[in-house]
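As you go down the protein sequences, you meet chains A, P and B in turn.
Everything in the first sequence is counted per this note's numbering, starting at 602 for the first residue and increasing by one.
Everything in the second sequence is counted per this note's numbering, starting at 839 for the first residue and increasing by one.
Everything in the third sequence is counted per this note's numbering, starting at 167 for the first residue and increasing by one.
Quick caveat, the hints were computed from the structure, so don't treat them as lab data.
Keep in mind it's a predicted model, so treat the numbers as computed, not measured.
Treat the hints with caution; some may be incorrect.
[Said to hold, decoys possible] Listed below are several chain A residues computed to face chain B (Cβ distance under 10 Å; list not exhaustive):
| # | residue |
| --- | --- |
| 1 | Leu669 |
| 2 | Pro778 |
| 3 | Ser832 |
| 4 | Glu834 |
| 5 | Val839 |
| 6 | Val998 |
| 7 | Ser1021 |
[To be verified] Derived list of chain A stretches under chain B, where covered just means 3 residues or more per stretch with a C-beta under 8 Å from a C-beta of chain B:
| # | stretch |
| --- | --- |
| 8 | 671-677 |
| 9 | 986-995 |
| 10 | 1001-1014 |
Backbone N, C-alpha and C define an ideal beta-carbon position, used for all residues, glycine too.
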Amino acid sequence: MKTSLKLMAASSLFALAAGSAAAQTELRMMWYNDGIEGEVMQSILDRFEEAHPDISVTLDVVPYQAVLESLPIQLAAGNGPDIARVTDLGGLSEHYLDLRPYIEDPEYWETNFGPFLDWLDPDGDAINGFMTQLTVTGPYVNRTLFEQAGVDLPGEGATWEDWAAAVNEVADALDIPIPMAWDRSGHRVAGPAISQGAAMFDEEGNPALVDEGLQRMAQLLYDWHQDGTMSLELWGSVSGSSYLGANEDFANANVVMYMSGSWQIPQFADTIGDAFDWWAVPAPCGAAACTGMPGGAALAAIADTEHPEEVGILMDYLAQEEVLAEFYGRTLFIPGHLGLAEGGIEFDADDPRAVHALETFAAAVPGISPVAFQLQGYPNNRVMFNALISRLNEAIVGELTLEEAYARMEEDIANQLAESNR
Amino acid sequence: MVDATQSPRSVGALLGARRGRGKLHWTDVFTYGYLGFGLFLMFAPVVWLVLSSFKTPAGLQEFPPTFLPLGQITAEVEGYDEPLLLFDVTMEDGTVQQLAQVRRIGIMAQMVDPENPGERLQIPIAAREPVREMRMAWENYRDPLERFNFMRYLWNSVIVTFSATMVTLLINSMAAYGLSIYEFRGRNAIMLFVIGTLMIPITVILVPVYLVVTNLGMINSLWAVILPGAATPTGVFLLRQYMLTIPRDLIEAARMDKASEWQIYWRVVMPLAMPAVAVLAIFSIMWRWNEFLWPLIVLNRSEVYTLQVGLNAFQGELDVQWHYILAMTVVTLIPVVIVFAFLQRFITTGIASSGMK
Amino acid sequence: MPHVDKTPVNTGEMLQNVVAWPIRILFKLLDYPISAIQRLIGIRRMPWLFLLPNLAFFGMFVIVPLFMNFAYSLTGGTELFLRDRPLTGTEQYGFLFDCENYADPVSCREDRFWKGIFNTSVFIFFQVSFMVLFSLITALVLNREIRARGFWRAVFFFPVLLSPVVVALIWKWILLRDGILNAFLISIGLDRILFFVSPEWAMFWAVFVSIWAHMGFYTLILLAGLQAIQPDLYEAAEMDGTSKERVFFRITLPLLWPNMLVVIVLALIKGVQVFDEVYVLTGGGPGTATQFIVQYIYNTAFTNQVQNFGLASAASMVLGVVLFVLTLTQLAATRRRDNG
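Modelling step: build the complete structure from the supplied sequences, incorporating the hints.
Below is the structure:
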């Protein structure tokens, strides 16, 4: 055993020596990829390292599962990275580093990232990081199929019922297997539920998931699965809160309308291209609003880091307008920087569909309901999303009645919150 | 009646000899049928996986799927920058023409005759047949491997697998030796103890082991992946069963020759137990190589990732890309197949002769 | 003595030569301290020395975590470290067993726990029985005088070497809506079947894939048992003119019984622990039709936003007790066999 220990030591020394100059601060950034963001970030980091030779940054790319499940444990045990790309913004806020003492100009951060800083730190006013992307949920349609079937696209202000009728018409005419598909995610359901009047919270700001608005939306989803508007293959085929996207089916022109979000734009530009007109449409309306859900991932600094000053330098560099403009432009993400959102970005896309989609989603941002913002900012929102989607799913496949499902949703949320408040 | 001219001694002959000279009995038909079916059932899915991994995303979506990975032939057409896909099109008058496709919109395709590129025709997609040749989509392998530090991950996996196997073989064989050669008080309790640990799935103790590893300071080093799984109950059990069959006289004779217990262990018992040791080695290699959940949680620095963790990193939050998933699955399969091809004799004879009494 | 096949000499020797040299040196060095210890404590106590490293590893990485797990089950909250967690006593167990009607998971507070138990029971009932049956048949087939026996054994053993994730992905790819199995069904004139939308089909495939992946291992165990049966017994039976069926049921099966028992209990233990394969194959769906008990534990502890280690630990302790009882059954039964 002593021999292999020596071998290990030797090889690690070799690796260290080969890589870097002496006395360099090493920062570790935990990252996951949906598309090409990793490559874009790496090229930006390379330039940063050239500008700051005494800081080296390593991008640790992990499966998303690791960010969601392993990172909280690693952070709690004190073994986390220096910076991480996270989606559970409020949920991990106790582990974030307040960058205020380490950045050049806190005011710049506040002006441009203001509302999003609250997502990262709901209870205080720390500056923890910035959004790598802002996402908005909303539907895409296969406009080509509408043209082929001779059906008009419902316009702005159309309700979900209008859309359901329209897509069924198209699907019948052209024999498309799946008229409507939604990603299997509570986050996706939340926007339309709020449009139907769901308040999500009670007066004190505690979760109150099941109300008339939510039940209206749940009933619609249930009915759509029974009458064939939505296919059981998607939601019905996994359990619990497992995520299942319908992007492949949409890309193969098996779906007429696909409820997803703005993050699909780069992927669709790549995989669909001009095979058909994938068209983003404004959020359908419900009884109360016509809204989607905001969201996104953020790059957050971690409190346990041993090099807070260097982290501050790196974050300042990455948060610059030019750098972010390049990042958002190449990755085709909606900017999470208020200045850029207003001023506009040059997106690295000549596909008219991608440009239209970006415009549509960006234009949807002002119309997002305040309830949606509140929900996104609530640290335990995943508890609500998971309860919603898992129990609704059980009702749809027939294991529970809708009434039982509603009761279970409330119970799940209450039980989990009780546990976390102990 | 059994044919007496066939080898009479082994069980196999008695149970399985052909009945009647040269004629096939129903048991023979069943035997060969079963074997053939078994071969198909065991290998066909893997073969299908490998074939599918070489298809382009378009090829993967096709229904019904083709056996061989096929790619469409493209043609350079005047007036167009990119090469266009070629199709065999059944025209309205029934003739078949080869046309190149400009773009497809929904159920109509815009196509041109490569010889006559000026005129654009609208063809319903149902009338087209792609013109294809066999093409391996090597990019399914190249792209993810280029994105990641593949050699590094491979090296880590090799180190982990090798070291872990060495440690496992050593301590498991020592424990098996202790439990088989000696009769002592508490032996059965220890056996129960060892077997008892078999019942604990890793998910159940994931977090506590993580905390133990943190406290030992092994986080983010390969030791965190090497050491925790080294003491396998199956290994101890397997080796013990085999060592029980070693004749005691050998041991006694060695003791009379003034050999120390340690010398008996590695000079007498271990060489005799080689078949079982080989089996354990193979199992250990398989377990360590395929381990995913534990390295995922305990390693978060990319330079210590093992292959399984590294290759799964392309699975992001929001996309499922079958062509990459299939290709990477094949990549993780390759070492298994290699080990299997070279060492299958050991496996199949080793377990069989470890005499699970 | 069991029937021992001759292992090939070339590969074995090659391996030995390459690896042996540094090992020989190491072992020789270790002889000095260990023999010294032997002189000190005497031969009777030597087994403990040999057991020490293995037991130390078990202790550190299995037993201590197990006790920690038990401790976690008596606590609540969401802190990672035990010292920060509030003590809740048996409350978590209370939650698990809080049911109006134990036969109906929906009436329980932790409905997914009981659904998991129910699903796992159904799973092991079918999986263990069919796996033992097919392993037996395969072992009998492989035991016959067939050419290239080693090759055929290897064929059936091959899937055992694949990781559960690979196994699940292979079969998922085949069973998809547009997968090759559906293509085959359509080609023979039947309708497409959406396997992952039907609870019965999902359970069927979970059982099937699990058997596919593990059968080879148990086949080999039974094969070893078959080959250990003394040929004289068969000769005697043949001379008496006993029919083949009676030989099988009166001689083969009873003598094979110890191995069968090992196979059954091992399969039961592994079956109750099923997780990876099914999780990747069906995700536990449709609905909760293939959600098994270990998946419940995993979800409770990791995938939920509120990572509830207390409840998950309690559930895993219950699982552990069940498995412990199963194992005790094995040992008791084999001991009775040996004595009887």
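Taking the hints in turn, this is what the structure says about them:
no., hint, result
1, Leu669, "7 Å, holds"
2, Pro778, "9 Å, holds"
3, Ser832, "8 Å, holds"
4, Glu834, "6 Å, holds"
5, Val839, "3 Å, holds"
6, Val998, "4 Å, holds"
7, Ser1021, "5 Å, holds"
8, 671-677, "holds (count 3)"
9, 986-995, "holds (count 3)"
10, 1001-1014, "holds (count 4)"
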